[in-house]
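**Student:** Residue strings, one per chain:
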Amino acid sequence: MSTKTALKDVVGGFKSLLIGLRITLDQFFRRKITVYYPRETLKMPDRFRGHIELILDPVTGKSRCTACKLCERACPSSCILVEGAKLEGAKTKSVTDYHLNFTTCSLCGSCIEACPFDAIQFSKVYNVVGTSRNDFDNMDLVKQLAEKRQSWTPPPAPAVPADLKSQISDLKSVASPTPPTPEEPKSP
Amino acid sequence: MIDFLKSEPVLIVLRLVIYLVAIIAFVALNAAYLVLAERKGAGWFQRRPGPVEVGPWGLLQPIADGLKLIAKQTIVPPGTDGLLFRAAPALVLAPALMCLVTVPYGDTIIARNINVGLLMVFSFGSINVFAIMLGGWASRNKFAVISAARIVSQNVAYEIPMLLVVITMMMITGTLDLQQIVGQQAGGFWQWNIFRGIWDIHAGHLGSNILMPVTFLIFFICMLAETNRAPFDMAEAESELVAGAFTEYAGFSWGLFFMGEYANIVVGCSMATVLFLGGWQSPIGVVPVAWGVLGSLVGVGLFFAKMYTLIFTVIWIRWTFPRTQFYGLLNLSWKLLIPTSLVTLLLTGALITLKAIL
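Chains as they are written, first to last, in our numbering: chain A, 1 to 188; chain B, 1 to 358.
Keep in mind the hints are simulated off the structure, nothing from the lab.
Accuracy of the hints is not assured; some may be wrong.
[Claimed, not checked] Here are the in silico distance ranges between beta carbons for each label pair: (1) A/G50 / B/R48: 51 to 61 Å; (2) B/G251 / A/W152: 51 to 61 Å; (3) A/D9 / B/L163: 47 to 57 Å; (4) A/L18 / B/A350: 39 to 49 Å; (5) A/D46 / B/P56: 55 to 65 Å.
[Unchecked claim] If you want the ones that stay clear, here's a sample from chain A, every Cβ over 12 Å from chain B, calculated: (6) L17; (7) G20; (8) R22; (9) T24; (10) Q27; (11) I33; (12) R49; (13) T66; (14) C68; (15) A114.
Here the structure is a predicted model, which means the values were calculated and not measured.
C-beta: ideal position from N, C-alpha, C; glycine also.
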């Protein structure tokens, strides 16, 4: 190696060290990105796949599942078991048992794709820890839904009639030749 | 009685005792809080906050760590050389404490000014290697022995350029008295040894050596290697050698090694400050010493500001560069640092001769 290349090596190497130092110093003054875990948690992203759960219909407060068993059939690892019954006066069946064997579930999502009623979804539960396998090889999703229902409040008085009313009045005002009188002009 | 207390020998002894206690307290606290600074630094360089749980902003973390270490038993494994095994931690710490005796923190704040202070610091500094080697050897553990062997070859390799640099400095300053060396650098940062290379403004003649910043760099690199700091931490090398020479140590004897290590970093950075960065002199022409006690305190503040800036750089380097390979380490010393420091030595000698002739 000639003296020139050796010198170039030394100077170039030293320069690269300085660049490295600059990069770390830059990081030093940046915002800290630590999440203080037990006290704060990250929101799970939309695409996160926890075990599946039954969706609570916010309007009715019930599951939309009709126990059609398409998910059961779609599941490649046969980890879903659905039973349903026709309730008194209901037009369709509703779900009475929804068991998931999460120990064999591979979170492929075929059940969710197969569901024609959008009745199941991936939950955002990531803290799945138990002391025995029984906690997960027979998860009762109907029971989970019932627990979730405890905090469910029926939506406020249906907004549909009021909406319709205004729409109807709008239609009337368009149809009538005279412009509608303003109800209460606001004082400035 | 009062006369006796005011007599000269008593005052000297009193002064030494006070300084001894102060230095030990400083070394212990400094080691504890440098560990915190190290961990905070490690965190900040990786965009983490570092320790935050114990005390406000993690400030009580070192105390918690210290209590934990004290509460632990020092186990002397069977088959080890008990005496050497127990003596090694003390041998690491004691020379570091000795080095701090001659360091001038301020114009009057120095435990004992010795006219060969520079020599003393470097002779005691070399004992550190010996102590770690003894500890490694005495623990009868293959990782410790490998680490001890590495330490010896590393320190032999880096002692040479470091001492060459020190000889260069000695030729320039013409004294081994640290207080005098600091005194020569009065009058602003351009008078500090690191910048005084090309032209000495005050004396109005040629400066010491144009390669002075390079000399400083060599000194700093050697200091990193001598104190076994990353990227030259072959001695500890957690991921390869468990904990190197400290593998078999537990409890506070292990803690003493770390106190010694951090004390050595303080000594190294102090020496760099004294030799190159003007010690307690202010960077802008003013002379704080002239203001009496307040000025002395400002001087101490300036000294510590410079020293801790260097220590921050040491931490910064540790969390930036990966550990070098052993051959790379030796190559750097034998092929680059020693020749370069020899060149600066010769150049300085030539310049001094030239000045004498002119």
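**Student:** Taking the hints in turn, state whether each one holds.
**Tutor:** Now the hints, each set against the structure:
1. A/G50 / B/R48: 51 to 61 Å: 27 Å, violated
2. B/G251 / A/W152: 51 to 61 Å: 58 Å, holds
3. A/D9 / B/L163: 47 to 57 Å: The hint (47 to 57 Å, Cβ to Cβ) is violated, given that A/D9 and B/L163 are roughly 26 Å apart.
4. A/L18 / B/A350: 39 to 49 Å: 30 Å, violated
5. A/D46 / B/P56: 55 to 65 Å: 38 Å, violated
6. L17: For A/L17, whose nearest Cβ neighbour in chain B is about 7 Å away, the distance does not exceed 12 Å, so it is violated.
7. G20: At roughly 5 Å from the nearest Cβ of chain B, A/G20 sits no farther out than 12 Å, so the non-interface label is violated.
8. R22: Given that some Cβ of chain B is not farther than 12 Å from that of A/R22, nearest at about 9 Å, it is violated.
9. T24: 4 Å, violated
10. Q27: 6 Å, violated
11. I33: 5 Å, violated
12. R49: 28 Å, holds
13. T66: 50 Å, holds
14. C68: 50 Å, holds
15. A114: 43 Å, holds
Violated hints, listed in ascending order, are 1, 3, 4, 5, 6, 7, 8, 9, 10, 11; each of the other numbered hints is respected by the structure.
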